[in-house]
Amino acid sequence: MSQFLQVLLSGLATGSIYALVAIGFTLVWQAAQTVNFAQGEFVMLPAFFVLAGMSLFGLPFWTALLFGLAVSVVVLGLMFKKLVAEPILPHGGITLIIATMALGILLKESVKEFYSAEAQPFPSIFPNDPINVFGAVLSMQDILNLVLSLAIVVALTLFLNRTRTGRCMQATAQNPAVAEILGVNVKRMILYAFLINAALAALASFLITPVYLAKFSNGETLGLIAFIAAIVGGFNQIRGALVGGLLIGVLDNLTAAYVTAEYRAALPLVLLIGIILVRPQGIMGTSEGRAV
Amino acid sequence: MYRKYLFAASTALLATVSAAHAQESIKLGMVAELSGPGAPAGTNWRDGIKIAAEEINAEGGILGKQVEVGEYDTQTDPQVSRAMVQKAIDDGAYAILGTIYSGSTMVNMLVAQQNSIPQFVGSEAPSIVEKGNPFVFRTSSGAQKGVPALTNYFTDTLKAKKVGVAWLNNEFGKGGHDVFVEEMKKVGIEVVIDVASEQAQTDYAADVAKLKEANPEAVFVYMNQEESARFLIEAKKQGLAMPLVGEVTLTEAKVVELAGAAADGAIAHVGVTATATEVPGIAAFTTKFEETFKRKPTHDAIKGYVGAWTTKYVTEMVGDLNGEAFSEKMRGLCLTAADYPKILLDTCWDDKGEMSRPSFMVQVKDGAPVVIGTVPAN
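Chains as they are written, first to last, in our numbering: chain W, 1 to 292; chain X, 1001 to 1378.
In short, the hints are calculated from the structure, not lab data.
Virtual Cβ for every residue (Gly too), placed ideally from N, Cα, C.
Heads up, some of the hints might be wrong.
For each label pair, taking beta carbons as the anchor points, the in silico distance ranges come out as [what the hints assert, rightly or not]:
1) Leu277/W to Asn1378/X: 29 to 37 Å
2) Gln1066/X to Ser116/W: 51 to 59 Å
3) Ala70/W to Thr1157/X: 47 to 55 Å
4) Asp1366/X to Leu66/W: 45 to 53 Å
5) Glu113/W to Lys1087/X: 17 to 25 Å
6) Glu1059/X to Pro127/W: 24 to 32 Å
7) Lys1161/X to Pro123/W: 37 to 45 Å
8) Cys1334/X to Glu113/W: 18 to 26 Å
9) Val1370/X to Trp62/W: 31 to 39 Å
10) Asp1091/X to Glu262/W: 34 to 42 Å
11) Ile98/W to Lys1087/X: 31 to 39 Å
12) Pro123/W to Val1370/X: 45 to 53 Å
Below, computed lysine-lysine pairings styled on BS3-like, alpha-carbon distance capped at 30 Å [unchecked claim]:
13) Lys112/W to Lys1294/X
14) Lys112/W to Lys1159/X
15) Lys1186/X to Lys1131/X
16) Lys112/W to Lys1186/X
17) Lys1288/X to Lys112/W
18) Lys1185/X to Lys1131/X
19) Lys112/W to Lys1027/X
20) Lys1027/X to Lys1087/X
21) Lys1159/X to Lys1365/X
22) Lys1131/X to Lys112/W
All chains, full assembly: derive it from the sequences and hints.
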């Protein structure tokens, strides 16, 4: 029982981090009608911003986290939109998709070049001592990662549903032309989506890197799994990305523990094929319209 | 007309200088995992060789010729490693130093063999010296020698009756796993849980949960550096309480750096370690390495260093740049640290290229590996 609880908890904790990344996919899809294939590298990079803040500027860890978050929002949000998405989008969504692939390679190789190919240690936000829950010894770090990730998703959902800016973003996602006629500043709403995506990627980075270790190649796996999570859950729904992320995290761990560790990497792909065959719009997705 | 003569004269001069330079230097092909998952091992191997080359050149080179080390990155890919060994040989390498990952060495050592080029490897899979390749030589003992050195620790020190195994499913991990399981069977210790993981695996939650549930008295951990660090971090998160004992990598400086406090308490048998500063040669190498690269050397750095120096010693014994004669000389060769100080410890190679030398038991205490015992050469 203790093993099952721990495996389930670890799966939920990792899955909730996948969900943060998958939500980023969804947001960019809604805002720019494109898939950001550099999303994995967007999660890899903020950890290196933090490490750079600590080693180059001598910042304490918590200040370095804020520094990493701020730099991520500027570089991966503002600059990504202004320098990559905005100039290329008029040439078509496919062109932008290819551009994001190139951007992903550029980011990965840049980190490898400037920070070395070796993995780097990354401090954990939460203590990694185990705690005793109803007789089962569980990871405190997993519990707090799960709580924080879910809190971020809840806060984002409330922001989108309960605030004027959030509703304007939803309107922009559903029909930019009508939203503009109704007085919504569409360009600004799209910018907000990019900034939120960058912030989510940075937060996911801070939570997952203590486990994965900071390495230039981290984005490869993360990007792929989060992309699959977004499709499995439903690409046009935040709650879909959440469900997809959690589902993949849990199934991955349960498979490794009780079925086979050897083929665990294939599981998300099997799930993807199954969902596409049975429910192409994803578990929570809708086949018409878009809504964040 | 004048220009034509000047061009011809320049070309002739350049050709003469190049030929003279080629005759004055000996090329060593350093083929290693400089990127990809093997980068921590490969970069240390390279840097150990750099120090050796600098020292060798300061002492007059090999047979009076300066040493040039060419760097070839395998990207931790066996097929690339094969191409890189070929490239190094095409570039005129007299000997190959590398690779470290056994999966790569298994593929690329055939290329060196076909060209009669001596090859010093950092790999530890037992199968490497069992292929009848007369040109391959280890720079540390293979798992079939290193892992049995741990048996006494499990029987006498830990007094374990049931153990678990967590290993990496690659050539290196499989070699160590098979030898360990066989050794445990011989001494009557039951392996109650056997957990394989994949190379570059990032999530060890399920692996550690399975080990915890089986509750062995100790766990043998046999993985590469990054995987070892991730395993230790997860073990700490889940409160895996039993002793974690490894061979070579588990207590390495890079693993300790990556795992931080989670590495405390980890125990390993190591063929050679930079922390064995009671050995004068190791202390001197460690100091020089730290001064040069501003970090602590790993055992891979020492292995690369020993490989480069052995190339010099044996070539000068042979007296010629002859791969066949070099290979012949290496069979059954023993070098003592008293006569050949840069070999660091008394070392022998058997007729298969396997190495024997004294080794160490190490435990991580307060974030640093500490020697807790020595093991005689087996």
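Taking the hints in turn, this is what the structure says about them:
1. Leu277/W to Asn1378/X: 29 to 37 Å: violated, 57 Å
2. Gln1066/X to Ser116/W: 51 to 59 Å: Given a distance of about 29 Å, which is not inside 51 to 59 Å, the answer is violated.
3. Ala70/W to Thr1157/X: 47 to 55 Å: Holds, at about 52 Å.
4. Asp1366/X to Leu66/W: 45 to 53 Å: violated, 31 Å
5. Glu113/W to Lys1087/X: 17 to 25 Å: Since Glu113/W and Lys1087/X have Cβ atoms about 22 Å apart, the given range 17 to 25 Å holds.
6. Glu1059/X to Pro127/W: 24 to 32 Å: violated, 52 Å
7. Lys1161/X to Pro123/W: 37 to 45 Å: holds, 38 Å
8. Cys1334/X to Glu113/W: 18 to 26 Å: violated, 44 Å
9. Val1370/X to Trp62/W: 31 to 39 Å: Holds: the Cβ-Cβ distance is about 32 Å, inside 31 to 39 Å.
10. Asp1091/X to Glu262/W: 34 to 42 Å: holds, 39 Å
11. Ile98/W to Lys1087/X: 31 to 39 Å: Given a distance of about 32 Å, which is inside 31 to 39 Å, the answer is holds.
12. Pro123/W to Val1370/X: 45 to 53 Å: violated, 24 Å
13. Lys112/W to Lys1294/X: It holds: about 20 Å lies between the C-alpha atoms, which stays within 30 Å.
14. Lys112/W to Lys1159/X: violated, 45 Å
15. Lys1186/X to Lys1131/X: The hint holds at about 25 Å.
16. Lys112/W to Lys1186/X: Cα-Cα ~46 Å, so violated.
17. Lys1288/X to Lys112/W: holds, 26 Å
18. Lys1185/X to Lys1131/X: Status holds; Cα separation ~26 Å.
19. Lys112/W to Lys1027/X: Judged against 30 Å, a Cα distance of about 28 Å means the pair holds.
20. Lys1027/X to Lys1087/X: Satisfied, since the Cα-Cα distance of roughly 12 Å is no more than 30 Å.
21. Lys1159/X to Lys1365/X: Cα-Cα ~22 Å, so holds.
22. Lys1131/X to Lys112/W: Given that 30 Å is the threshold and the Cα spacing comes to 36 Å, the pair is violated.
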